[in-house]
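**Q** Each chain, written out:
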Amino acid sequence: MEKQKGPDPVDPDPVKLLPKSSSLAVLLIVFVTISMLVLFSIVRGGVGHVLDGDGGKQAFGPADVSGVEFDHELLPGIEEATAGPDAGVFLVPPPPWSESGYFPCTECHADMELNPERRVLEEMHDDIVLNHGPSDRWCLDCHNPDDRDVLRLVNGKLISFDESYLLCGQCHGTIFRDWRQGIHGRRQGYWNGGKSYLLCAHCHNPHAPAFHAIKPLPPPVRPQFLAQTPQKVVKEAPHE
Amino acid sequence: MSDRNRDRAFARTEEKSLDRRSLLISAGLTTMAGISAAASGKSAGWVERLLSRRFVELSEQRKTQILTELEEKYSEKFGREFTVVDTPPMDGVEFAYGLDLSRCVGCRRCVYACVHENNQSRDPQIHWIRVLEMKKDHGIDFAESNIYYDHDEVPEPGSFYLPVACQQCRNPACVKVCPVKATWQEPDGIVVIDSDWCIGCRCCMSACPYGARHFNWSEPTIASEEINPDTHYFGNRPRPKGVVEKCSFCIQRTRKGRYPACVEICPVGARKFGNLLDEEGEMRYLMREKRVFVLKEELNTRPRFYYFYAT
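Read top to bottom, the protein sequences are chains A and B.
Residue numbers for the first sequence follow this note's numbering, beginning at 1 and rising by one.
Residue numbers for the second sequence follow this note's numbering, beginning at 1 and rising by one.
For reference, chain A alone in the conformation it holds in the complex (with noise of 0.2 Å):
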């Protein structure tokens, strides 16, 4: 108590404290911090940041795009196989190709000489280009020479469209094993009761059956741009 009551101290001169080059210095970086502190707020904080080609500038629902069904219909009959004697059952939806025109194949093929070379195909079934597995599998290897509504198995089972993942199943064992089981491919239905299986051929093109890509549907949208209500451009994604 008694200190404070003394003399106050001598206040040193402020000009004396700094020499007037380093103050300026001071001053000089204090400047330069702050402006690139804006500097970097703007180019990387602000809607700038995003690139010109990146997405997630538009907020999209899925009524703005077209080519998916999202309000599908279940095949009928899985409202019956969920309870009551038809429990259990799968569903397959026909074969594709079925009702196409070309089925049934003996209506042309019948009366058809049998050419079992490999070829280039020009008059008919020209948009088939067979990338299959090895390179000397030829049409006659599934289809079945005799009778051409049918398949025909490498032991000599003949079986139906309905029935081609038999086919599909002699080579890819473990694959069959995953679809019987419900772990490979896709179901609709009843995760309890009756569901909805698809064939291998509904998914994979037999002649060619790598899985071809497809659109996306639009990004999310991003952050700085979720206020931001622009003209809505509509985006056509692909029929599946």
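If you are wondering where the hints come from, they were derived from the structure by calculation, not from laboratory data.
It is possible that some hints are incorrect.
Where chain A lies over chain B, by a calculated footprint (3+ residues, C-beta under 8 Å) [claimed, not checked]: (1) 138–152; (2) 255–267.
To give a feel for the contact side, a few chain B residues facing chain A, derived at Cβ under 10 Å [what the hints assert, rightly or not]: (3) R130; (4) M134; (5) E156; (6) F273; (7) D278.
Virtual Cβ for every residue (Gly too), placed ideally from N, Cα, C.
Based on these hints, arrange chain B on the given structure of chain A.
**A** Relative to the frame of chain A, chain B by itself:
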């Protein structure tokens, strides 16, 4: 008596007295509400709403009443016939989800099917599912992942895709931190939110290590022709502004036996769903036969959402 023991004893008495006090207050208020309800001839109003207990603690009669009121409210708001149900969990069922990373192509069909089914806000946009694009060279690396990819075609060569939504943890951090018990785990494993009870504090959002919870920063907007009127109280019923929402395993569908919407839309069949207690079911098969892992296992959240490689 040591200091600590004294503190404990004090805490106990204080708890007790608080209990008694809150009991008296709630009893008094309930009586008042009852009188006012009787006087006005109306069964339910904002006073009762304010004093009501958590939805799960209510009587069946009161629950039905609330559901009917909600149906009326939503029908009026959206101009369409609504159903709001509270289908209970099935006995002997624990849900689990499988996602085949070797199949997923990152097409985001699931994201939009989920928005469509679960009435997420279109503006401001909310997505419950996020699809993370990652480099095959780097493996699973969240820091380097990208959810805004916009390629002409997917899968992008050299990339793989990891969709993330609520992992429905058995040990959910979000439930632990909720100060008002507005979110909890149901017997069938679904972590649900009562959006009437949520106070919007967003503690659960910061607790969730998967970023699965989303907040309604403003009034959600959905066109009435886009709304899904088939709703569950803990699932896809329209949410108000200021509450948290997240994936509920499509509770309105799965409790009736249906697959979730994302499972049915997936064009490559990468998404699997089923009952974990069913020996013969597909979930048990894939857990027996495939290489299965969960996200952020080291956090001990014990998710019900299993990622696997079928090949």
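**Q** Measuring from the C-beta of D278 of chain B to each C-beta in chain A, is the shortest one below 10 Å?
**A** It holds, given that the least Cβ distance between D278 of chain B and chain A is near 8 Å, below 10 Å.
**Q** How does the coverage statement for the stretch 138–152 of chain B fare against chain A, requiring three or more residues with Cβ below 8 Å from a Cβ of that chain?
**A** holds (count 6)
**Q** Does the closest beta carbon of chain A sit nearer than 10 Å to the beta carbon of R130 of chain B?
**A** Check passed: Cβ of R130 of chain B comes within 7 Å of chain A, closer than 10 Å.
**Q** Hint F273 of chain B vs chain A: min CB-CB distance below 10 Å?
**A** It holds, given that the least Cβ distance between F273 of chain B and chain A is near 6 Å, below 10 Å.
**Q** How about the stretch 255–267 of chain B: do at least three of its residues have a C-beta closer than 8 Å to a C-beta of chain A?
**A** With 9 residues in contact (Cβ-Cβ under 8 Å with chain A), the coverage given for the stretch 255–267 of chain B holds.
**Q** Have a go at the M134 of chain B hint: is there a Cβ in chain A nearer than 10 Å to its own Cβ?
**A** violated (15 Å)
**Q** Using Cβ atoms only, decide whether E156 of chain B comes closer than 10 Å to chain A, and label the hint accordingly.
**A** holds (9 Å)
In this structure, only the earlier hint numbered 4 is contradicted, and the remaining ones agree with it.
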